[in-house]
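Visitor: Sequence:
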Amino acid sequence: MSLISASGLAKTYGAQLCFRDVEFTLDEGDRIALIGANGSGKTSLFRILQGSLDYEGTLSRQKGLRFGI
Numbered sequence: 001m002s003l004i005s006a007s008g009l010a011k012t013y014g015a016q017l018c019f020r021d022v023e024f025t026l027d028e029g030d031r032i033a034l035i036g037a038n039g040s041g042k043t044s045l046f047r048i049l050q051g052s053l054d055y056e057g058t059l060s061r062q063k064g065l066r067f068g069i
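If you read the sequence shown in our numbering, its first letter stands for residue 1, the second for the next number, and so on.
Keep in mind that a hint or two might mislead.
[What the hints assert, rightly or not] List of simulated lysine-lysine pairs, BS3-like, C-alpha gap at most 27 Å:
(1) Lys11 with Lys42
(2) Lys11 with Lys63
(3) Lys63 with Lys42
In case anyone wonders, no lab produced these hints; they're calculated from the structure.
Owing to the predicted nature of the structure, the values given are computational and were not obtained by experimental measurement.
Turn these sequences into a full structure, and let the hints guide you.
Guide: Below, the structure is given as structure tokens:
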């Protein structure tokens, strides 16, 4: 079972598009890195995964999952 699964994630700030059509699945034991230029949406994506920022698309998280930044 996947820990996190995302499909079609998008985030905008007013008329400014941060990212769109993001899709991924993270399974237990996976190791990932998120790399990008300043302002590319890295922190926004983590806040979406934490549940503290609204978004468009589909996101499912395993119950009881915790995040640290």
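Visitor: Now tell me, hint by hint, if it's right for this structure.
Guide: For each hint, the structure was consulted:
1. Between Lys11 and Lys42, the direct Cα distance comes to roughly 11 Å. Compliance with the 27 Å bound is thereby established for this hinted pair.
2. Note on Lys11 and Lys63: the hinted pairing holds, with a Cα-Cα distance of about 23 Å set against a maximum of 27 Å.
3. A C-alpha spacing of about 23 Å is found between Lys63 and Lys42, which places the hinted pair at or below 27 Å, so the restraint holds.
In this structure, every one of the numbered hints holds.
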